[in-house]
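Trainee: Position chains B and C relative to chain A; hints supplied.
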Amino acid sequence: MAEQDIALMAHLMRRAGFGASLDEIEAKAAQGYDNVVQELLNPETQEAVEEDLLTRYNPSYHEAAAIENNVQQWVWRMINSPRQLQEKVALFWHMIFCAGHSKIDSGQEMGLMVDIFRQKGMGKFDDLLLALSTNPGMMYYLDNTESHKTNLNENYGRELLELFSLGVGMDEAFNYTEDDVKACARAFTGWNIAPPYPPFPHGRSPWEFRFDPADHDNQEKTFLGETGNWNGDDIIEIVCKQPATARFLARHMYNYFVADEPQIPAWRLTPPRDQAAIEAMEKAYWDSDHSIKAMLEVLFTSDFFKADAARYAKVKNPAEMVVSLLRMTGEFKGYKPGLFDYSQEPKYMGMDLMNPPTVEGWHTGREWIDSGTLVERINFASDILGNTELEGVQSLVNRLMNMGDKLSPEQFVDGCLNLTGPVVLTDDTLGQLISHATQEGELSHGTDAEKSDFTRRTGEMFQMIAATAEFQFE
Amino acid sequence: MSTHLFGLTSRTFKHSHAIGRAEFAGTGFRNPSDMAIAPDGTVYVCNRSYENRPDGVHVTVVTLDEEYVTEFGAYGEADGEFMWPTAIALDSEGNVYLADEWLNRISKFTSDGEFVSKWGTAGSGDGEIDGPAGLVIDADDNILVVDSNNNRIQKFSLDGKYISQFGSKGSDDGQFNMPWGIGLDSDGHIYVSDWRNDRIQKFTADGQWEASIGSTGNGVGQLNRPNGVSVDKDGDIYVADWMNNRVQVFAPDGRYITEFHGEAVLSKWGRDKLASNPDMIRQRSLAFANDPGYEQKLMRPCAVKIDSDGKIVIIDHTRNRLQVYIKEDEPALV
Amino acid sequence: MVQTKKDPVLAVLSLSGGNDGLNCVIPRNNGHYRDARPTLAVPEDQIIPITDELGLHPTMGPLKKYWDEGKLAVFVGIGYPTPSYSHFRSMDIWHTCEPEAIGTEGWLGRATKQMDPNSENVLTAVNFGRGLPRALVMDGVPAASVGNLETYGLLTGIEGENQRNDALDVFGRMYAPAIGTGAVMDYIHQTGTDALKGADILSTAPDSYSSTVEYSTTAIGQYMKNIAQTHLAGFGTRVLYTTSPYNGFDSHANQAQANAGLLTDVSNTVDTFMTDLREHDASEEVTLLLFSEFGRRVIDNGSGTDHGAAGVAFAVGEHVKGGVYGTYPSLEPSQLEEGGNLKFNLDFRSVYSTILEDWFQLDPEPIVNGNFERTKFFA
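Sequence order for the protein chains is A, B and C.
Under this note's numbering, the first residue of the first sequence is numbered 1, with each subsequent residue one higher.
Under this note's numbering, the first residue of the second sequence is numbered 475, with each subsequent residue one higher.
Under this note's numbering, the first residue of the third sequence is numbered 809, with each subsequent residue one higher.
Calculated from the structure, these hints are not laboratory results.
Don't take each hint at face value.
Claimed, not checked - Below, simulated DSS-like cross-link-like pairs (lysine-lysine); rule was C-alpha separation at most 30 Å, straight line:
(1) K336/A to K124/A
(2) K771/B to K785/B
(3) K182/A to K124/A
(4) K336/A to K643/B
(5) K103/A to K1151/C
(6) K873/C to K103/A
(7) K336/A to K635/B
(8) K336/A to K592/B
(9) K771/B to K103/A
(10) K582/B to K336/A
(11) K333/A to K643/B
(12) K742/B to K921/C
Claimed, not checked - Here are some chain A residues pointing at chain B (derived, C-beta under 10 Å):
(13) L53
(14) Y57
(15) G203
(16) P262
(17) P337
Remember, predicted model here, so these are calculated numbers, not experimental data.
In this text, a Cβ means the ideal position worked out from N, Cα and C, and glycines have one as well.
If we strip away everything but chain A, and leave its shape as in the complex, we get (with noise of 0.2 Å):
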């Protein structure tokens, strides 16, 4: 397998998935990049998690009430789905549909939130919207339960439109005016929720839309330029052919799949990054009626995303950063303990999963990184890394064994790199690396003491790389 497939493969199973271990690169790199893009695009094409044995093994995760228990089980499908870009786009909604449980304060209205984005995120963004315009917690999130015919709360009809489809503005114009979001936010009134079971005694129902027809407005109202009795869902369908609507996608998918954009308030007067890319994108969406699929094809099929500048253009985002360390070492895979402590790293690397800060989501790119959270996401990355009596990591000491009787320090470091990414540093870097290696000389392995310093070294060189600048971008 040539060098530059598995690179690729991995840059690929980084964007489109949480990494994986080097063994599972190279067999998707055998199958041929093309044909792990379409899988990656039709999860019903692999298997799914095994629900039963899920539930089984994890009894509370069923209907689970506690956010904690809801977090861990994502964490959980993240590292463990087959369906890899299923769970990323979950990821990537949830980061843009921002709503958070410290108000909703149910752990499982986190949750099926979530499986909302799993189950419709890669399809017609009409019905992904529609979905999301339908949830419950986010209704209540975002006030729509407190809105009604005669006392209109305009803030779900302004964040769907700011935040969730059009964007404040493209081409440096305005893409709405404030009586379209008067009219979006009348459109919506009488969008509800049934009354749900309180806490106790046996735990809150899992919410349940319901449209109260008496507390909607069927009055006349003029959305984008159009005039008539608008329901919420004519509003969609009205969002979803708007040109910003495109625009606003194509550069989202940009930004979390391919390179770090400005940051979402800039949008309206920065321009993209890379113009064409976005116009490809947004192509896609037209040509396919709407489809999210299609773009993401374009995507992933495209030489902006394959160059070699997209490669290590990202800050990871701090579940990326946890996630992918505990795929590319083989931990958590299947049922046991101790998962918990894992999935809450995020929360101390800055990510609070299903608990965004605001409506607004996170501030991303390198403001995932300050003093405090690069100690953590350091600390735990070369915990994990240099850990090896964790299979993944024992596998690949092996391996870096199997490149020789002896190998020099460049050798040696440059194995590593491979073996960890492959890693690509600047030459600063890499030159503090090897000369950290040369000060014990060459490795060998041919007997005991030399293989328990063998990997010793491995492990620490490990910790090293994990301790990177260039570790932190994916």
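Mentor: Chains B and C in isolation, oriented as in the chain A frame:
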């Protein structure tokens, strides 16, 4: 084999009451996984809880009149602790045996909850276990362990000496696919919930296959990952049909009799809880008016046991309570 | 305005889970209390009296000492309008001072920003525990979160002191300012250098510390010890924050036993902490605040109590003027809020405003989002 005759009318059942509420300690349960009922009506419920609430992992001792007695055990690996409690059983002297599916061991406690001893070696050889999921103690005080990942039933003395085994992996008669619950009838026949084969298998006391009940599905007499199984004094078979959210009742010959979906009313502890949270009384009544079934019905029932009076007690796992049914001696007047 | 010899310092111990105010500061001869708490009422003869009406839970003897010295402020009926019964939301409200909107900036993050606008000291605010509480979150404010002070630092997984020191040397060089690698890389290099610097400084705290007092081995005891160590090391840290084990005070069941243990631990630890600082002549500039996100229901549920509204908080310190602040809410059933809760009458932002203004000498209004009556509890 299962034949489905609607209106097999020789038995009538009625719902009696519910016990418990969701609680990590004291007067409630948290993800209860199994129970054992002593002849005096004392119930030992093992709570599985979940990882970030290890305080919920213990055995709760209650009566069927919903009197709290005590609790014992804790999450961990030390003596008297457990991590994934799956099954619990009582010997003729009232000692308590608890299976831990993760640590692959059986722990013994006195009826008061004092730790006595533990046994179990992980593996697949004779007398080794991998994922003990069900326990039952027979009339001779031998203990049958559902050795789930080894797809077999093993018989041990109460102190863990290996005696015998039967079963292998597969879907033929007498084979298993990750079996879970186990029960005995008064003649000593063994009933095993063959979990991933969606059936109950009946064996003689020495492990000869006799019959199978059920097939995959959610129809009458069909099963979806059955868990607990018990047999009453008349030989009727009760199966916790886990993923179908019901308990099915079969006649001794395997014919379908009826099914329970749950009809819980508020338990005593549930009423106490609401009394101290008056805002929730109103919220609950609105919700109840909208959908009474949510609260009444069984959700992932995972064990069903019969007490010495013939009461049928179901662990309503997700709702963190027990639901009790009564089999009436005479058919009810309708 | 309080004058301290050294820069004033605030230590915070957050009692996570909703501490039951009614069984902590007890209206000891109130008949409604006994009616509402058939399972959990503390017998009158066991309560430690502090006023004619109120007394402390029997396990809180060590705190009574500070009451007698006039250095314990007891805040009763503390809360905010339209209470949230969600741990997360209510704690967020206490952190951000935003009961209506969802806030992103913490009150102590804002205070830190005002005290050290250019982040000249990476240790102006330090949290002990995993993950930064929102109280300390503020753009541009580097707040370290220390899981374990004894082992805090980078590359802590490398065994062997020499190996680790070598690795840290390499780290220092790898993160040295890079040229021409792009703005994001430059930023990460700078951040890595800051982190290393902060860790280097913090790691000296335990070494330079010695004391005759012994903290309890619980998380509360150990983190309060870390706070004392960091304060005594003289890094110029102004805000020291820690949280008791997550939701430990969430006493829905078996409350009598569980809470007695927690209150014992908290009271002993506060006493140990104050004794430690006094022994080192370093108590004068420290105020310690204890709070919880809410109190609990008035009526017990047969074994515990469920989420409630108004609760209690405490401040301890040499400059604290002892006394009860706020009015104990009525327990009369007709006077309870919907849900059977105590009504608040002392806004927590009043207490914060007083700390900010009188202790830190900052303008509280932009920090707590409004002008709240001051609770003059400093002498």
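Trainee: Indicate, hint by hint, whether the structure satisfies it.
Mentor: Status of the hints after comparison with the structure:
no.	hint	verdict
1	K336/A to K124/A	violated (37 Å)
2	K771/B to K785/B	holds (18 Å)
3	K182/A to K124/A	holds (26 Å)
4	K336/A to K643/B	holds (22 Å)
5	K103/A to K1151/C	holds (22 Å)
6	K873/C to K103/A	violated (40 Å)
7	K336/A to K635/B	holds (28 Å)
8	K336/A to K592/B	holds (21 Å)
9	K771/B to K103/A	holds (29 Å)
10	K582/B to K336/A	holds (24 Å)
11	K333/A to K643/B	holds (23 Å)
12	K742/B to K921/C	violated (53 Å)
13	L53	holds (8 Å)
14	Y57	holds (8 Å)
15	G203	holds (5 Å)
16	P262	violated (37 Å)
17	P337	holds (6 Å)
Checked against the numbered hints given earlier, this structure breaks hints 1, 6, 12 and 16; the rest are met.
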